[in-house]
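Peer 1: What follows is the residue order along each chain.
There are 2 protein chains.
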Amino acid sequence: MPETSERNVQILLDSRPTGWVTPENFRLVESAIPVPAEGQVLVRNRWLSLDPYMRGRISDAKSYAQGVAPGEVMVGGTVGEVVASHSDRFAVGDIVLAATGWQKFAVISAAQALRIDTREVPPQAYLGVLGMPGITAWTGLMDICQPKKGETLVVDAASGAVGSVVGQLGKHLGCRVVGIAGGSRKCNYVVDTLGFDACIDHRAPDFADQLAQALPDGIDCLFENVGGEIFELLLTLMRPFSRIALCGMISDFNREPHACRTLRAVLVNRIRLQGFIVSDKMETWPSIRRNLHGLLIAGKLRYQETIADGLASAPAAFVGMLRGENFGKQLVRIG
Amino acid sequence: MPETSERNVQILLDSRPTGWVTPENFRLVESAIPVPAEGQVLVRNRWLSLDPYMRGRISDAKSYAQGVAPGEVMVGGTVGEVVASHSDRFAVGDIVLAATGWQKFAVISAAQALRIDTREVPPQAYLGVLGMPGITAWTGLMDICQPKKGETLVVDAASGAVGSVVGQLGKHLGCRVVGIAGGSRKCNYVVDTLGFDACIDHRAPDFADQLAQALPDGIDCLFENVGGEIFELLLTLMRPFSRIALCGMISDFNREPHACRTLRAVLVNRIRLQGFIVSDKMETWPSIRRNLHGLLIAGKLRYQETIADGLASAPAAFVGMLRGENFGKQLVRIG
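Here the protein sequences line up with chains E and C, keeping their order. Per the working numbering, the first sequence starts with residue 2, numbered consecutively. Per the working numbering, the second sequence starts with residue 2, numbered consecutively.
Chain E on its own, in the form it takes in the complex (with noise of 0.2 angstroms):
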């Protein structure tokens, strides 16, 4: 248990954001700690994952998943240590995976934990390659852009906690992956140390011809986070009987739409455009973090982290994330 004198600290959503987020649209405040009942659990938690989707939550505009409203605990993916269990799945000192949100304690029933594994790789691991990120790198490439040996499949975004992980495991399938990322250091990460067969830097001037130049034969699979301008060009990059994982749309989250004046190449190439959210299927999760487990002990998977330190610097670190700021995935470390 926790020091008596100890209290919990919250980061509420203050007010919605209008266009970009800024560390006002937050606030901080201390709260006791809760008492877990009968069949729960109370975890301190240790990092906090910070995640685009987590935009779409605090916004007006209809999304896929509940909202927060002004007032509430902002919601997150969390790694933390059972510190009391009123549950005998649990003990104390377990390291448990949830979604406890932005906040130091919470008391969470038994079956919304998920004890995890640390002996082989790190805790925080769990909230990015070997958890939501990861999953979803490789739900979107597996079960939608369906690459075969060969083919040419293109990832934006590809420094970050997704983007990488999809480029990753391209390459173990065997195909040409070309990334698109903000930054000559992302782009250079992504080559060297991912093993990507490009990047192209989209704040480059000569970026769409850069693009064309490393796409000769165009895109069979295309991993889309991004949206917006970048999307509208890389449709027109596609080859017939293409496929397109539609994960994100992070650049259109702090303006009006982009409007897209390529859709006919859908119709041109036959494209299948897809659009999925990961947690659409939970009963995949558990094989898929087995076999991402899997391959990063055995040293097939590289990533990368941003840490922001201490719980108080989560809006800034989300703010700075949306901006593309990060390199590689997101975390908070909880003091």
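Read the hints as simulated data drawn from the structure, not as lab findings. Treat each hint with caution, since some may be false.
Heads up, the list lumps identical chains together, so a pair's fine if it works in one copy or across two of them.
As a list, the in silico SDA-like pairs of lysine to any residue whose alpha-carbon atoms are at most 20 angstroms apart [as the list claims (entries may be wrong)]:
| no. | residue 1 | residue 2 |
| --- | --- | --- |
| 1 | 301 | 118 |
| 2 | 149 | 259 |
| 3 | 149 | 17 |
| 4 | 282 | 240 |
| 5 | 282 | 241 |
| 6 | 301 | 29 |
| 7 | 172 | 120 |
| 8 | 282 | 113 |
| 9 | 172 | 219 |
| 10 | 282 | 271 |
| 11 | 282 | 86 |
| 12 | 150 | 108 |
| 13 | 172 | 100 |
| 14 | 172 | 86 |
On the provided structure of chain E, position chain C as indicated by the hints.
Peer 2: What follows is chain C alone, placed relative to chain E:
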């Protein structure tokens, strides 16, 4: 054999259209009737099919098939009579379906002709409900939309050669079917004769409101023929896990492509959007045609024709069809 004094009549593409097609983009020429060689037949065409895809063939823009260059005979599906045969597979008098283009006589190899059974259906049905349009309807609906009983199916250009078959097949499958068409005459036909549950006039000033009212639970399956503003609106009405067969985007043929602001719906509602071209799967045509033939002679597929008389009227009829002035399948009766 034709009389020796008779000449062939052909309609050539004279110039590529810029914007709307006009009859002046075409040119009628006379020429000698061609002579079949060994393995070939001479066909006197009786019916010419006019179809929206032809607009793509005369455009400079990339499309899914080889285009027609100025000076070449316009492409098109035809039904005609064998008037001379140098193939043991065809006899004089056989009625055949082929793609001989906008001309009165044509020489084709036996492999390019299909003898058709006109005992129970009129020959020109093989250009409509039993031809490319009907098979297009079947393919997009069954392969991509995959409607289930009780689901809501929407099809635009609902009174047309493709849309009318889509909706009637949907009704036979137990769907609620809502059509979209231009004008009250077409809409009344779609409901009263074809048996759709509703049909909304896209020319009505309150089209969007009427459409939303007709679709209180949204759309499970969309068979999209039109594109543009109508498609942009329909995207916002799609249900979670819905499917869209993208068959045509006729609204974009004569202008700059419409810029679509509602693509985010594909992500939020996990829509599967797939373009298709019916000629990609020619191996499926015979069995689909048999199915449609069975429905037709059982009285379960109704259709409407607009017939232009004489090959010389084909250019004006084609322009009219692109403007939606036809009612049902647009044909040219060749004298």
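Peer 1: Does each hint fit the structure? Answer for all of them.
Peer 2: Each hint, compared with the structure:
1. 301 / 118: within (19 angstroms within a copy, 61 angstroms between copies)
2. 149 / 259: neither (31 angstroms within a copy, 33 angstroms between copies)
3. 149 / 17: neither (43 angstroms within a copy, 40 angstroms between copies)
4. 282 / 240: Between. Shortest inter-copy distance 18 angstroms satisfies the 20 angstroms Cα cut-off; intra-copy 29 angstroms does not.
5. 282 / 241: Result: close only across copies, 14 angstroms inter versus 29 angstroms intra.
6. 301 / 29: Close neither inside one copy (39 angstroms) nor across copies (66 angstroms); limit 20 angstroms.
7. 172 / 120: neither (27 angstroms within a copy, 58 angstroms between copies)
8. 282 / 113: Only inside one copy: residue 282 and residue 113 sit 16 angstroms apart there, 48 angstroms across copies, limit 20 angstroms.
9. 172 / 219: Within one copy only: 17 angstroms inside, 40 angstroms across.
10. 282 / 271: between (26 angstroms within a copy, 12 angstroms between copies)
11. 282 / 86: Neither way: residue 282 and residue 86 sit 29 angstroms apart in one copy and 61 angstroms across, limit 20 angstroms.
12. 150 / 108: The answer is neither: 46 angstroms in one copy and 44 angstroms across copies each exceed 20 angstroms.
13. 172 / 100: neither (31 angstroms within a copy, 45 angstroms between copies)
14. 172 / 86: Neither: 43 angstroms inside a chain and 57 angstroms across chains, both beyond 20 angstroms.
Of the numbered hints listed earlier, those contradicted by the structure are 2, 3, 6, 7, 11, 12, 13, 14.
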